[in-house]
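Enquirer: In case you want the letters, here they are:
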Amino acid sequence: MMTKEIPVNAPVLDARGVNAYFGGFQAVRNVDLAVEPNSVTALIGPSGCGKSTFLRTLNRLHEEIPGARFEGEVFLEGENIYGRGMDPVQVRRKIGMVFQKPNPFPSLSIYENVVVGLTLAGVRDKALLNETAERALRHAALWEEVKDKLKAPGTSLSGGQQQRLCIARALAVKPPVILMDEPTSALDPISTARIEELLGELKKEVTVVIVTHNMQQAARCSDRTAFFLMGEMIEYDRSTTLFTIPKDRRTEQYITGRFG
Amino acid sequence: MDRSIDAGLAKLKEKLLVMGGHVEKAIEEATSGLVQGKSDRFAAVHEYETTINQLHKEVDEDCLNLLATQSPLAKDLRTILAIVKINTDLERMGDQAVNIALNAEEYLRAPPIKPLVDIPRMADQARTMAREALDAFVRTDVKLAADVVARDDEIDSLKNQIFRELMTYMISDPKRIEQALSLILIARNLERVGDHATNIAEDVIFIGTGKDIRHGGA
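If you read the protein sequences in the order shown, they are chains A and B. The numbering of the first sequence is my numbering, which starts it at 1 and goes up by one. The numbering of the second sequence is my numbering, which starts it at 1 and goes up by one.
FYI, nobody ran anything at the bench for these hints, they're computed from the structure. Incorrect hints may appear among the rest.
To be verified - Simulated crosslink set (EDC-like; lysine to aspartate or glutamate; CA at most 20 Å straight-line):
{"id": "1", "chain 1": "B", "residue 1": "25", "chain 2": "B", "residue 2": "165"}
{"id": "2", "chain 1": "B", "residue 1": "75", "chain 2": "A", "residue 2": "131"}
{"id": "3", "chain 1": "B", "residue 1": "75", "chain 2": "A", "residue 2": "87"}
{"id": "4", "chain 1": "A", "residue 1": "247", "chain 2": "B", "residue 2": "135"}
{"id": "5", "chain 1": "A", "residue 1": "174", "chain 2": "A", "residue 2": "32"}
{"id": "6", "chain 1": "B", "residue 1": "211", "chain 2": "B", "residue 2": "165"}
{"id": "7", "chain 1": "B", "residue 1": "11", "chain 2": "B", "residue 2": "61"}
{"id": "8", "chain 1": "B", "residue 1": "15", "chain 2": "B", "residue 2": "60"}
{"id": "9", "chain 1": "B", "residue 1": "211", "chain 2": "A", "residue 2": "248"}
{"id": "10", "chain 1": "B", "residue 1": "38", "chain 2": "B", "residue 2": "147"}
{"id": "11", "chain 1": "A", "residue 1": "247", "chain 2": "B", "residue 2": "212"}
{"id": "12", "chain 1": "B", "residue 1": "211", "chain 2": "A", "residue 2": "87"}
{"id": "13", "chain 1": "B", "residue 1": "57", "chain 2": "B", "residue 2": "95"}
{"id": "14", "chain 1": "B", "residue 1": "211", "chain 2": "A", "residue 2": "252"}
{"id": "15", "chain 1": "B", "residue 1": "85", "chain 2": "B", "residue 2": "165"}
{"id": "16", "chain 1": "B", "residue 1": "75", "chain 2": "B", "residue 2": "135"}
{"id": "17", "chain 1": "A", "residue 1": "203", "chain 2": "A", "residue 2": "134"}
{"id": "18", "chain 1": "B", "residue 1": "11", "chain 2": "B", "residue 2": "58"}
{"id": "19", "chain 1": "B", "residue 1": "13", "chain 2": "B", "residue 2": "141"}
{"id": "20", "chain 1": "B", "residue 1": "75", "chain 2": "A", "residue 2": "134"}
{"id": "21", "chain 1": "B", "residue 1": "114", "chain 2": "B", "residue 2": "165"}
{"id": "22", "chain 1": "A", "residue 1": "151", "chain 2": "A", "residue 2": "181"}
To be verified - Computed footprint of chain B on chain A, listed as stretches where at least three residues anywhere in the stretch have a Cβ under 8 Å from a Cβ of chain B:
{"id": "23", "stretch": "208-220"}
{"id": "24", "stretch": "241-250"}
As the list claims (entries may be wrong) - From the derived model, a few chain A residues whose C-beta atoms are all more than 12 Å from chain B:
{"id": "25", "residue": "32"}
{"id": "26", "residue": "36"}
{"id": "27", "residue": "39"}
{"id": "28", "residue": "66"}
{"id": "29", "residue": "68"}
{"id": "30", "residue": "80"}
{"id": "31", "residue": "108"}
{"id": "32", "residue": "120"}
{"id": "33", "residue": "193"}
{"id": "34", "residue": "200"}
{"id": "35", "residue": "255"}
{"id": "36", "residue": "258"}
Computed from a predicted structure; not experimentally measured. Ideal Cβ placement from N, Cα and C applies to all residues, glycine included.
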């Protein structure tokens with residue numbers, strides 16, 4: 001039997017036996033995936049393969065959908081986020097998410113968007129909020145562009161900038177993991193390139209799991225890649241290996257454009 | 001499903017096969033000219049080499065364009081990388097064929113010093129290795145490629161044998177040194193052809209398996 005997985009020492013995020021359903025339909029089948037700390041892990045696969053659904057099980061967003069069901073365990077830094085007594089809202093603070101369409105809160109300024117995670121948690125210390133805002137915006141490579149207009153609405157920024165604002169917002173609460181679901185699909189090539197560059201810097205501070213349909217992006221930006229097909233994880237390996245000498249024929253066929 | 005990269009790859013394979021065919025014929029003409037004592041066969045060698053060199057440039061350019069426009073991955077990527085290298089090996093084989101012709105021309109200026117048996121044998125082996133390496137490439141036949149790699153030792157042994165024999169000729173009669181030297185150089189040229197064929201076979205194994213077996217790799 002071929003091992004689909006490669007061993008990861010001390011994973012920061014460890015999914016075991018994940019099954020996800022929408023009513024009677026099983027979208028994710030028995031997936032085990034261990035994510036290495038301070039890495040970028042890409043999830044690829046054709047439309048409908050379950051990669052986005054799987055991603056949403058990693059921060060308990062999946063269960064928000066009516067009729068959705070989950071089985072399995074997901075350990076964040078050793079603790080099962082689905083364990084008894086775990087608060088899904090708290091989980092989502094520790095595992096931030098960035099979506100395909102940038103979604104800064106329209107009624108908030110740039111500054112307010114960045115620190116919303118802290119203000120909602122009751123933080124009032126101005127010095128702390130200012131310091132957090134600057135740190136997060138610097139890490140998201142946006143500080144220089146917005147430092148003189150922090151009071152402007154979050155939505156006044158360009159698409160690429162809005163997405164970086166969303167990344168800053170996620171970074172502000174210092175999560176160990178950030179999930180990204182096709183974060184550059186709606187952006188122009190230059191904005192895309194800037195965010196891809198950012199991933200290399202981000203992983204020094206956080207661990208990133210990114211869903212992408214762009215194979216070249218996965219090859220460029222990720223340390224490890226997992227290939228999903230019909231709800232199953234077919235292959236998971238170092239990206240350089242998966243994109244040059246994939247072990248499974250289905251992986252080879254998908255990444256060379258023979259289907260999907 | 002026909003992908004846009006397939007047409008490009010097919011065209012490249014065709015060009016390499018044409019180059020390979022010219023290499024074989026060039027070596028054949030050079031060796032036959034030597035063995036039969038017919039210098040007029042050498043002109044054809046230079047013509048084949050001109051075509052090989054033209055294709056050499058085209059293949060590199062085509063590969064560059066495919067890499068830029070198709071962003072190939074996995075086997076496609078390994079194939080294009082290997083094609084760039086096979087291209088170089090074929091061009092060098094063409095150079096060696098010309099060297100054989102030039103050395104043969106030198107040799108034929110004086111009466112022959114011995115009947116030629118091993119050199120034509122070596123030439124056959126070198127041509128066969130070249131042809132089979134390219135066959136292996138077209139079909140990604142890893143077994144055939146491994147077979148070609150194994151035969152490199154045989155052709156090296158043959159070269160050493162020829163060297164030893166010609167050494168005794170030179171020692172026994174210094175007047176034959178110049179002639180013997182030309183034959184030694186031809187044996188060296190043929191050994192190089194064998195090396196290039198081996199390189200091609202190693203690249204085929206890389207395409208098929210992703211393994212780099214060069215320099216003792218498994």
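Enquirer: Which of the listed hints are not met by the structure?
Expert: 1, 2, 3, 4, 5, 6, 10, 12, 15, 20, 22, 35 and 36
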